[in-house]
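Undergrad: Sequence:
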Amino acid sequence: MRNWWMATVLLAGLTWSIHAQSQALPAPDREAVGHESAQPRRDDGYPTHAWTLAPIEVKGQNRTQLREEDHVGDYEQPRWTAYRRFPSTRTYVVPSGTLTLEYWNQYNQPLASHKDRRVRAYYEAEIGLGHRLQLDLYLITEQHGYAQPSEIKKESIEVRYALADWGRLWGNPTLYVEWVRENGGPDALEGKLLLAGEVASGYHAGINLAVERALGADFGHEYQISAGLSRTLSDQALSLGLEGRFEFHDAAGKRLMNLFDQAALVGPSLSWSPVPPMHLLWSVLAGPVKGELNPSESGWGGAVESWLVLGFTL
Numbered sequence: 082m083r084n085w086w087m088a089t090v091l092l093a094g095l096t097w098s099i100h101a102q103s104q105a106l107p108a109p110d111r112e113a114v115g116h117e118s119a120q121p122r123r124d125d126g127y128p129t130h131a132w133t134l135a136p137i138e139v140k141g142q143n144r145t146q147l148r149e150e151d152h153v154g155d156y157e158q159p160r161w162t163a164y165r166r167f168p169s170t171r172t173y174v175v176p177s178g179t180l181t182l183e184y185w186n187q188y189n190q191p192l193a194s195h196k197d198r199r200v201r202a203y204y205e206a207e208i209g210l211g212h213r214l215q216l217d218l219y220l221i222t223e224q225h226g227y228a229q230p231s232e233i234k235k236e237s238i239e240v241r242y243a244l245a246d247w248g249r250l251w252g253n254p255t256l257y258v259e260w261v262r263e264n265g266g267p268d269a270l271e272g273k274l275l276l277a278g279e280v281a282s283g284y285h286a287g288i289n290l291a292v293e294r295a296l297g298a299d300f301g302h303e304y305q306i307s308a309g310l311s312r313t314l315s316d317q318a319l320s321l322g323l324e325g326r327f328e329f330h331d332a333a334g335k336r337l338m339n340l341f342d343q344a345a346l347v348g349p350s351l352s353w354s355p356v357p358p359m360h361l362l363w364s365v366l367a368g369p370v371k372g373e374l375n376p377s378e379s380g381w382g383g384a385v386e387s388w389l390v391l392g393f394t395l
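With the working numbering applied, the sequence shown corresponds to residues 82 to 395, in that order.
In short, the hints are calculated from the structure, not lab data. Possibly wrong hints are sitting among the right ones.
Stated by the list, open to error - Result set (DSBU-like, lysine-lysine): computed pairs, CA atoms no more than 30 Å apart in a straight line:
(1) Lys371 to Lys235
(2) Lys235 to Lys335
(3) Lys371 to Lys335
(4) Lys235 to Lys196
(5) Lys234 to Lys335
(6) Lys273 to Lys234
(7) Lys273 to Lys371
(8) Lys273 to Lys335
(9) Lys196 to Lys371
(10) Lys196 to Lys234
(11) Lys235 to Lys273
(12) Lys371 to Lys234
To be verified - Simulated restraints on C-beta separations:
(13) Ala298 to Gln146: 49 to 55 Å
(14) Leu296 to Ile233: 14 to 20 Å
(15) Tyr242 to Thr133: 23 to 29 Å
Glycine included, every Cβ here is placed at the ideal spot set by N, Cα and C.
The whole structure should be built from the sequences, with the hints applied where relevant.
TA: What follows is the structure in structure tokens.
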């Protein structure tokens, strides 16, 4: 598994190098292909960061007083979509040429038993490949209880593709495919539909619809709906919101009949950017859970789940 992860990192580095070289080539005339503005480049060929780009005037859309809602970059996306807005709800794709490193901490605590707590750490790299494509690489460790050591749990590769530039299609639909390699378990393949938009000025939302299929064992499916809504309190710096997740699992032969490992969690979330390259996200969700998420009881019980995400854009 270690060799597989090292190969993945090398592949990501090669992809980034090729992309950087391609961006250093002369850009085509944007007006000739129907675009009114191009993403400016630095002299070294890399893109200027989203928070420094001049806004793009988009026909049919009025400017707002919030700078984070200015449209920028190759995809004419609002600035707030250039980095993660919610801990567990994805939105659109990052701008072309972006490289963001993130650390996640997920803490899950069943209320009936403290010994059954679960702590996961996610190490992620997000790469904007251009052409509305994004590549994400994950390494995930997990610890059960207090006495058990933390071990590598999963490795995964995720690719996103936005179907159109921002604002061209309702909900700004983005397709997401992820391959997961699990330590001690079957591989899995997950597909998601990501929707995102602005409900009103200062109110930003995202909805994810996901299905994950285990490629072995019981060939189980995991179905998940997650959503988030945020309200900007300080432009480009601070927002508060609400996030929720509903999920359930089934197995081959009893699709949608014998459901297990169910959860319905909801709670507040916070997004804070103390300086433009950095973002800090935190959410605390609570609600009823069943099955593996509540291992000390045979039926339903309560659980609290906390997400902490620290990211830095290079």
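Undergrad: State for each hint whether it applies.
TA: Tested hints:
no.: 1; hint: Lys371 to Lys235; result: holds, 23 Å
no.: 2; hint: Lys235 to Lys335; result: holds, 26 Å
no.: 3; hint: Lys371 to Lys335; result: holds, 18 Å
no.: 4; hint: Lys235 to Lys196; result: holds, 22 Å
no.: 5; hint: Lys234 to Lys335; result: holds, 27 Å
no.: 6; hint: Lys273 to Lys234; result: holds, 21 Å
no.: 7; hint: Lys273 to Lys371; result: holds, 23 Å
no.: 8; hint: Lys273 to Lys335; result: holds, 22 Å
no.: 9; hint: Lys196 to Lys371; result: holds, 17 Å
no.: 10; hint: Lys196 to Lys234; result: holds, 19 Å
no.: 11; hint: Lys235 to Lys273; result: holds, 19 Å
no.: 12; hint: Lys371 to Lys234; result: holds, 21 Å
no.: 13; hint: Ala298 to Gln146: 49 to 55 Å; result: holds, 53 Å
no.: 14; hint: Leu296 to Ile233: 14 to 20 Å; result: holds, 19 Å
no.: 15; hint: Tyr242 to Thr133: 23 to 29 Å; result: holds, 26 Å
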